[in-house]
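Could you slot chain C onto chain L? The hints should help.
The listed protein sequences correspond, in order, to chains L and C.
Every letter in the first sequence is one number past the one before it in my numbering, and letter 138, counting from 1, is 138.
My numbering runs 1000 ahead of the 1-based position in the second sequence.
None of these hints come from the bench; they were simulated from the model.
You may find that some hints are simply not true.
Stated by the list, open to error - Derived BS3-like pairs: lysine-lysine, alpha-carbon spacing no greater than 30 Å straight-line:
| id | chain 1 | residue 1 | chain 2 | residue 2 |
| --- | --- | --- | --- | --- |
| 1 | C | K1151 | C | K1226 |
| 2 | L | K162 | L | K100 |
| 3 | C | K1292 | L | K62 |
| 4 | C | K1292 | L | K226 |
| 5 | C | K1226 | L | K292 |
| 6 | C | K1253 | C | K1205 |
| 7 | L | K28 | C | K1028 |
| 8 | L | K151 | L | K246 |
| 9 | C | K1292 | L | K64 |
| 10 | C | K1151 | C | K1028 |
| 11 | C | K1205 | C | K1232 |
| 12 | C | K1151 | L | K292 |
| 13 | L | K151 | L | K253 |
| 14 | L | K162 | L | K151 |
| 15 | L | K145 | L | K226 |
| 16 | C | K1100 | L | K226 |
| 17 | L | K205 | L | K232 |
| 18 | C | K1232 | L | K295 |
| 19 | C | K1145 | C | K1162 |
| 20 | L | K151 | L | K232 |
| 21 | C | K1205 | C | K1246 |
| 22 | L | K28 | L | K145 |
| 23 | L | K253 | L | K226 |
| 24 | C | K1295 | L | K232 |
| 25 | C | K1226 | L | K295 |
| 26 | L | K62 | L | K151 |
| 27 | C | K1226 | C | K1253 |
| 28 | C | K1246 | L | K292 |
| 29 | C | K1100 | C | K1064 |
Number of protein chains: 2
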Amino acid sequence: MPSDTILVIGGGPAGMEAARGVASLGSKVVLVELRDRLGGTPDSASYSSFTLDHRSASEVLKAKREEIEGDPLIDVRLQSRLTAFEGAAGDFRATLTDIKGEVASVGCASVVIATGFEHFDPGRETQMYGYYEYEDVITLVDAEKMMSAGKFVRPSNGEPPKAVCFIQCVGSRDRRIGNEYCSKVCCGISSKQAIEVRELVPDCKVFIFYIDMRMYGFWEDRIYWKAQEEHKVNYVRGIVTEIIQKNGRLLVKGEDTTMGRPMEVSMDVVVLAVGMEASRGTREVGPILGVKQEKHGFIEPVEDAFDTVSTSVPGIFVAGAAAGPKDLDDTISMAGAAAMKAVAVARRAAVTA
Amino acid sequence: MPSDTILVIGGGPAGMEAARGVASLGSKVVLVELRDRLGGTPDSASYSSFTLDHRSASEVLKAKREEIEGDPLIDVRLQSRLTAFEGAAGDFRATLTDIKGEVASVGCASVVIATGFEHFDPGRETQMYGYYEYEDVITLVDAEKMMSAGKFVRPSNGEPPKAVCFIQCVGSRDRRIGNEYCSKVCCGISSKQAIEVRELVPDCKVFIFYIDMRMYGFWEDRIYWKAQEEHKVNYVRGIVTEIIQKNGRLLVKGEDTTMGRPMEVSMDVVVLAVGMEASRGTREVGPILGVKQEKHGFIEPVEDAFDTVSTSVPGIFVAGAAAGPKDLDDTISMAGAAAMKAVAVARRAAVTA
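So here's chain L without its partners, still in its complex pose (with noise of 0.2 Å):
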């Protein structure tokens, strides 16, 4: 007999809001988180906010939380993992395993991945930039703790910084590490948080050295003109080739190349772009599920114009950056769509049953 169960693999935006999105519709969820409670990345990396929603991102997350830890149809499974899958659309089974070895098998109509990104080490292959070195050379992710602590100093003296800047593309659209792609989201983040140290930090002067800045849609009236014009962010195309430290600051040394002239400017703090890669649970369990994964680890949907949320295997989706880089409206519209998706599966199983 086939379960009208669907299971949601990770506990992160994509998760929480596939998981939600099921129970709306009446469905049952199982809900398998590896840390030991929902948010995932933007909860363990302490975002400070999402780019556009002006609300504080642990708030927003709170709630979200609330609301799918007091739904009856949903049911939670914190540091658990799945270890091993079988069945096909309609009738699935999976085992889960928790951190203290506790093993339970749960059957499924479907099953929604949402395992989520990892922020690029920098340190890992793009020495360049000193990240393992320089105390002042930061990521994105370290901002963001910063400043959900409502604050944004120089980490090696914890001195208001007068000079900031953000170096884009740092582990995308660069094929020597391998990651070819844009990770689509760090102009935009990079841009929100130059605002937030500008307005933390309001003699700081702050610059952007970017490729392109893909500021689409709203986001280039909404952040990129606000940036530049409300908040005299100062954007400058570059490419920058090496950081040393000099006199207790940070040289930074590249080219400007919209001026077409070597750029030697000092910083007090350095921002790292990092992109995003596939993370430990996406290549943990694409092989368990078999479902296809392009070639960095991400899992890829099949190729249809009207389907984003598909996998190769029937019955199972993908919502989220575990099918590549993805900003949050991406992440939120694909649970939804994901959601709708693995319901009607069920419904079919019923259906057909």
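Then chain C, alone, in the frame of chain L:
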């Protein structure tokens, strides 16, 4: 007694996918479309192919149309428009009027607005490109029409061109004409078309003049890099200020901002990458439904990081480019999410009744 029917307004990709999604969950749909067949702008404007989907757009749309017309839960009302609307979430009443003036009253639990976009008319305000003056100045839409017919020629003489350029951001990122936003898809579609021109006319040189190439996510390597490396498309960061006719060709004047020098190049065809504007359908239904619209006329979704489709009126959702510039992935994901939420409203209303 509340209805369990969902009203979907607009029969383009967003409306078709929302209707299909609702029906897949077992709910009834009334799908209203102004034109005499489903397909929306990709159909009326004869799109050749969708970006990243290699199949013919007309074949994809035909299959989708047949799927919808064959679904007993979907009631398609062609050549009809919404003319009045009242009620509250779970119990709305819509008045539809068809081309003959016949009026129908439809009870519905919830609504999905899927009224799409319109292409910017470059002859309307941006006279410097000579769209109405020169036959060989065309738009992405005109180019798609030619490509759908399997050819790419100079409209003025029917000969294959020796040099073609695309000009980005026509009607977008432009405060003078009032469209400050980025239209999101034009960079990708221009690059896709540039590849197609190179395939159709192998000895034709192809240039793309741009401000920032917004090739986010996998579009970066799968289209942008491919266009440059495999198809030898030339990308020039530059601003075009004037197009004039000279010796039977088009003289494109402007500035190459990377080289920092004036630019004067002769072209046989100039393709204007026109952006998206709010459609007449969106402008028409917004006030009837009473939903909030942003200043350009697009439907404004609520400000919620975890909700991309709810409007200011509970029970009324929006999918696709009716909500602003969207790519096809956005549109299809939003349609799925809107279908899920629309059915959830109907379900809640039925439980409460």
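Margin query: Let me make sure I understand: some of the numbered hints might not hold for this structure. Which ones are they, in numerical order?
Written below: 2, 10, 12, 16, 22 and 28
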